[in-house]
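S.K.: Letter by letter, the chains look like this.
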Amino acid sequence: MTSPRERILASIRGGLLRSHLPADGNGPPGRDAGSAAPALREMAEQFSAALAALAGHVHRASGAAGVADVIAGIARDQQAATCISWDDEHLGCPGLLDALSSRGLTRVAYAVSGDPERRLAEAAALAGVGLGVTGAHAALADTGGIVLVSGPGRGRLVSVLPPVHVAVVEERRLRPSLAALLREEPGLLDSGSNVVIVAGPSRTADIEMTLTHGVHGPKHVHVILTA
Amino acid sequence: MTEPALAFHRRIDAALADARLRRALALTTGRLAGGRAAAFDALADAEACRHEARRARASAIASLDSHLDRFAREATARGCTVHWAETAADARQIISGIARERGIRLAVKSKSMATEEVELNEALEHAGVRVVETDLGEFVVQLGGDRPSHIITPIIHRSRQDVAALFQEKLGAAPADVADIPAMTALARRVLRAEFLQAGMGISGVNLAVAETGSICIVTNEGNGRLTTTLPRVHVALLGLERIVPTAADLAAVLTVLARSATGQASPVYTNVMTGPRRPGAAPGGQQAGDPDGPDELHIVILDNGRSRLLGTPLAEILYCVRCGACLNVCPVYRLIGGHAYGGVYPGPVGSVVMPGLHGAEDWSELAHASSLCGACRDVCPVKIDLPHLLLAVRRDAAARRLAPVWIRAAMPIYAAVATRPWLYRLAGRAAARLARALQHEGWIRRLPGPLAAWTASRDFPAPASRPFVAEHHARKAAAR
Amino acid sequence: MMPRPARVQLFATCLVDQFFPSAGHAAVEVLERCGVEVLVPADQTCCGQPAFNGGFAEEAAAMARVTIDALSRSDDPVVVPSGSCADMIVNHYPELLEGDAAYGPKAKELAARTYEFCQFLVDVLGVDLPAAPPGPALAYHASCHGLRGLGLRDQPRRLLRAVTGGRCADLPDAETCCGFGGLFAVKMGPLSGAMLDAKLEAIDRSGADVVVATDVSCLMHIGGGLHRRASRVRTRHIAEVLAGQGHD
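So the sequences go chain by chain: A, B and C. Residue numbers in the first sequence follow this note's numbering, run continuously in steps of one, and reach 227 at the last position. Residue numbers in the second sequence follow this note's numbering, run continuously in steps of one, and reach 481 at the last position. Residue numbers in the third sequence follow this note's numbering, run continuously in steps of one, and reach 248 at the last position.
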């Protein structure tokens with residue numbers, strides 16, 4: 001008695017034996033993997049331009065106070081009094097949460113349990129939260145995307161539920177592209193149950209090709225590049 | 001013609017008569033194709049990118065059994081439950097079973113053509129599960145009870161007024177909620193956020209699986225992919241068995257061309273890679289916390305449904321497809337008739353190969369004839385599939401099964417017999433010219449007989465020349481000597 | 001680039017032979033003016049593309065063998081005043097006859113020395129054609145098989161520019177299929193007609209008096225549509241324009 005797995009694999013093997021796959025001719029050489037990485041400033045400019053083109057915002061700041069000032073400003077513009085966030089140690093900016101708190105932005109405990117019954121109540125508690133603050137594992141210059149890896153103290157939904165997402169990224173975590181990042185860190189995908197690249201705010205053009213932001217994810221994305 | 005072929009022709013006629021659809025198609029496909037062209041122009045090494053993406057997909061398919069097997073092992077090792085579905089019915093049964101066993105009453109879905117292919121929603125509803133589509137376009141499709149008309153942008157066939165009416169009728173929306181597109185989007189966000197929060201199961205497709213780590217990658221622009229695969233306790237991902245690449249580097253190679261080909265974006269908004277369900281903390285009493293969110297269970301259902309059979313046929317190359325929709329956007333036929341006319345889950349050039357390949361030549365090979373073989377599709381395919389070559393393979397298979405119309409089946413041997421005998425060819429040419437003299441007026445024929453009348457329905461036909469070129473050329477040369 | 005051939009064989013194609021002989025005569029004239037002797041094998045018929053495109057590989061292969069025979073009594077290069085028929089010989093004959101021990105190699109050999117007309121003039125002869133006297137406004141339609149199958153992008157446009165100066169411009173959406181597609185025009189008549197409508201609308205927008213293309217197949221379809229609508233716009237094969245026959 002064979003299993004579905006065995007039958008499917010056997011069917012594949014049988015097909016491959018009768019193979020009609022094209023014998024590919026020589027194409028142009030692959031993308032240049034060996035070129036030296038561009039300078040940090042060049043990547044920062046490329047990243048900023050790419051993210052701005054996606055209606056995202058890029059800021060420069062340094063130190064907990066500097067970064068907290070930027071975030072507090074965003075919160076004021078959005079009339080947001082509360083935020084959820086990753087734990088301080090994952091924000092790449094020691095002392096940031098304290099600095100935010102002293103500027104009047106209250107961090108709400110982030111909990112979304114697996115039980116659907118309780119979840120609605122928890123979500124209601126989070127409904128008024130205006131900001132989600134995360135760090136980032138890397139920033140990708142070619143697309144304006146930031147790489148978030150989930151784990152303890154780094155909830156996935158912090159960057160999805162609130163209407164505004166603020167990500168603090170150290171400039172030295174800029175990389176030219178996803179391909180370059182993976183060459184440097186081949187084990188990246190295994191480092192968390194979820195690795196997500198976020199490039200700008202949530203969007204759709206499903207209705208009459210009219211672009212709208214803030215569908216299911218955040219309507220505003222701010223990336224703060226720190227020195 | 002067979003009944004399915006006749007039905008296809010009727011749908012084409014209906015689509016051609018729909019001027020509003022035509023305008024909507026022109027707008028959408030023009031935008032998407034233009035976006036694609038601009039995005040590839042902006043790449044310094046566009047051809048190398050396509051080549052790399054093709055190489056990644058070709059290497060996966062060339063050893064598909066070993067990559068798939070590795071994927072399953074790696075995914076299982078990281079806490080996934082892997083299921084193997086030979087048929088659409090198996091997939092429906094497996095997923096309904098998962099829902100039933102856990103008493104799930106509500107499932108949220110992110111966009112998945114594979115789930116449309118296996119008709120999953122109806123099966124789940126029968127199992128007592130309410131299913132809610134969360135991609136905005138698919139949400140509208142679901143409310144309207146029809147089908148998506150494009151792989152990437154499902155509701156080209158719907159105007160904003162259509163959507164407003166649907167929202168009012170089905171969601172009880174107030175006029176202010178549907179006053180404009182931002183308002184409708186905001187309403188959908190509110191309605192669907194509640195569904196996300198209450199759902200016991202999230203169902204998704206998979207854009208690409210990565211064999212070396214058992215990871216699955218799902219891309220969206222809206223963020224519904226993230227919520228679907230994070231909030232509910234149970235995540236079920238339906239994976240077409242060909243949608244795989246060997247390594248993370250291969251994933252990057254395909255991602256480089258995927259969104260650029262689909263919409264012209266350099267990257268999707270959300271490129272979501274999941275490797276196993278949420279990671280639990282250390283043993284109770286330990287200090288190490290686990291993931292604060294994410295599903296407790298990640299089920300991956302590997303779907304065959306005819307894909308493995310394609311490997312041994314001339315259509316095998318279609319398995320490289322990454323469902324970007326670029327071929328639809330440049331196809332002069334798709335741009336005229338839209339997705340519904342094709343009658344199946346996959347429309348356009350790719351659909352014209354996939355539908356007969358997966359679901360039978362008898363019912364679907366006529367799709368491959370709705371093409372002038374212009375080749376625009378081949379030019380834009382991110383993995384350089386030779387679509388015209390595959391369309392011809394479908395046609396050859398159909399001809400061998402005697403599915404061609406009677407008059408063509410009769411005419412072909414006659415045409416070949418004439419054209420392989422130069423003397424008979426010349427004779428036939430003179431006879432046709434004589435015959436045409438009666439029909440023609442000032443060098444043109446207004447009405448051709450029989451099936452050829454389809455030509456003269458919309459244009460005149462030139463009368464054959466009284467002095468064919470080859471004969472005349474030799475006559476002039478002889479006269480000159 | 002191969003050495004400049006002294007002699008070529010013209011594969012006129014069945015549509016030129018039977019419907020548009022003037023295109024064939026013009027092609028011969030242009031080639032002779034470029035100092036090339038032109039042979040026209042008397043036993044040429046049809047390349048078999050309609051059968052091939054219909055999925056009738058055996059019938060297509062039979063016609064391919066006859067065509068190969070007609071063009072292989074001499075090993076002179078073959079020039080074809082049709083992108084789609086040249087594409088058939090160059091790109092499809094080898095695969096069509098792959099399993100044929102005798103004709104497989106012959107197909108490859110023929111494919112290697114077959115050229116579309118403009119491709120031959122520009123890529124092989126490297127000619128500079130002289131400018132023609134002033135004439136009507138021309139619009140160029142890029143026939144699909146030559147364009148995408150043979151990479152025939154620059155050559156026709158270069159030749160037209162040289163001969164007509166600024167008088168010839170691309171049609172709007174020049175590279176969009178006209179909807180001929182061989183049997184497609186009859187089998188999928190309404191679709192073909194709708195694609196033709198779009199092409200005729202583009203011609204209207206262009207304001208041109210004459211539509212030029214490398215393939216008479218496209219031109220008979222476009223011309224048939226123009227004539228049905230009593231349009232004053234004419235069609236011309238590119239050989240006729242290059243021979244200075246762009247106006248009546």
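Don't read these hints as lab results, they were simulated from the structure. Since this is a predicted model, take the numbers as computed values, not measurements. Heads up, the beta-carbon is just placed ideally off N, CA and C, and yes, glycines get one too. Please note that the accuracy of each hint is not assured.
Anything over 10 Å on all C-beta distances counts as not near chain B; from chain C, calculated [as the list claims (entries may be wrong)]:
{"hint": "1", "residue": "Arg4"}
{"hint": "2", "residue": "Ala51"}
{"hint": "3", "residue": "Gly55"}
{"hint": "4", "residue": "Glu59"}
{"hint": "5", "residue": "Asp128"}
{"hint": "6", "residue": "Gly135"}
{"hint": "7", "residue": "Ala137"}
{"hint": "8", "residue": "Gly189"}
Computed far set for chain A versus chain B, every beta-carbon distance over 12 Å [claimed, not checked]:
{"hint": "9", "residue": "Leu40"}
{"hint": "10", "residue": "Val70"}
{"hint": "11", "residue": "Asp142"}
{"hint": "12", "residue": "Gly155"}
{"hint": "13", "residue": "Ser159"}
{"hint": "14", "residue": "Leu182"}
{"hint": "15", "residue": "Gly187"}
{"hint": "16", "residue": "Ser193"}
{"hint": "17", "residue": "Ala199"}
{"hint": "18", "residue": "Arg203"}
{"hint": "19", "residue": "His216"}
Covered by chain C, per the in silico footprint, the following chain B stretches (three or more residues, Cβ under 8 Å) [said to hold, decoys possible]:
{"hint": "20", "segment": "12-21"}
{"hint": "21", "segment": "59-66"}
S.K.: All the hints need checking, so say for each whether the structure fits it.
M.R.: Each hint tested on the structure:
Listed as outside the interface, Arg4 (chain C) is consistent with that label: its C-beta sits roughly 23 Å from the nearest C-beta of chain B, beyond the 10 Å cut-off. The beta carbon of Ala51 (chain C) sits about 6 Å from the closest Cβ of chain B, which is not more than 10 Å, so the claim that it is off the interface is violated. At roughly 3 Å from the closest C-beta of chain B, the C-beta of Gly55 (chain C) falls inside 10 Å, breaking its exclusion from the interface. Interface exclusion of Glu59 (chain C) from chain B breaks down, the closest Cβ pair being 4 Å apart, not more than 10 Å.
Non-interface status of Asp128 (chain C) relative to chain B is upheld: no Cβ of that chain comes within 10 Å, the nearest being about 26 Å off. Interface exclusion of Gly135 (chain C) from chain B stands, the closest Cβ pair being 22 Å apart, more than 10 Å. With 10 Å as the threshold on Cβ separation, the claim that Ala137 (chain C) sits away from chain B holds: the shortest Cβ distance comes to roughly 23 Å. With a least beta-carbon separation of about 3 Å from chain B, Gly189 (chain C) fails to lie farther than 10 Å from that chain, contradicting its non-interface assignment.
Distance check on Leu40 (chain A): its Cβ is at least 20 Å (rounded) from any Cβ of chain B, clearing the 12 Å threshold; non-interface status holds. The non-interface label for Val70 (chain A) is consistent with chain B: the shortest C-beta to C-beta separation is roughly 23 Å, beyond 12 Å. For Asp142 (chain A), the condition that its CB be more than 12 Å from all CB atoms of chain B is violated, with the nearest at approximately 7 Å. A beta-carbon of chain B is positioned within 12 Å of the beta-carbon of Gly155 (chain A); the least distance is around 4 Å.
A Cβ of chain B approaches the Cβ of Ser159 (chain A) within 12 Å, the least distance being about 8 Å, so the stated non-interface status is violated. The Cβ of Leu182 (chain A) does not lie farther than 12 Å from every Cβ of chain B; its closest approach is about 5 Å, which violates its non-interface assignment. Consistency note on Gly187 (chain A): stated as away from chain B, yet its beta-carbon is not over 12 Å from all of that chain's, at 8 Å minimum. Not every CB of chain B lies more than 12 Å from the CB of Ser193 (chain A), the least distance being 5 Å, so the non-interface label is violated.
The Cβ of Ala199 (chain A) sits about 4 Å from the closest Cβ of chain B, inside the 12 Å cut-off, so the non-interface label is violated. Listed as a non-interface residue, Arg203 (chain A) fails to keep its Cβ farther than 12 Å from every Cβ of chain B; the least gap is roughly 5 Å. The claim that His216 (chain A) lies off the interface is violated: its Cβ sits roughly 4 Å from the closest Cβ of chain B, which falls inside the 12 Å cut-off. Coverage of the segment 12-21 of chain B by chain C holds in this model, with 3 residues showing a Cβ closer than 8 Å to a Cβ of that chain against a need of three.
For the segment 59-66 of chain B, the stated coverage by chain C is not satisfied: 0 residues place a CB nearer than 8 Å to a CB of that chain, which falls below the threshold of 3.
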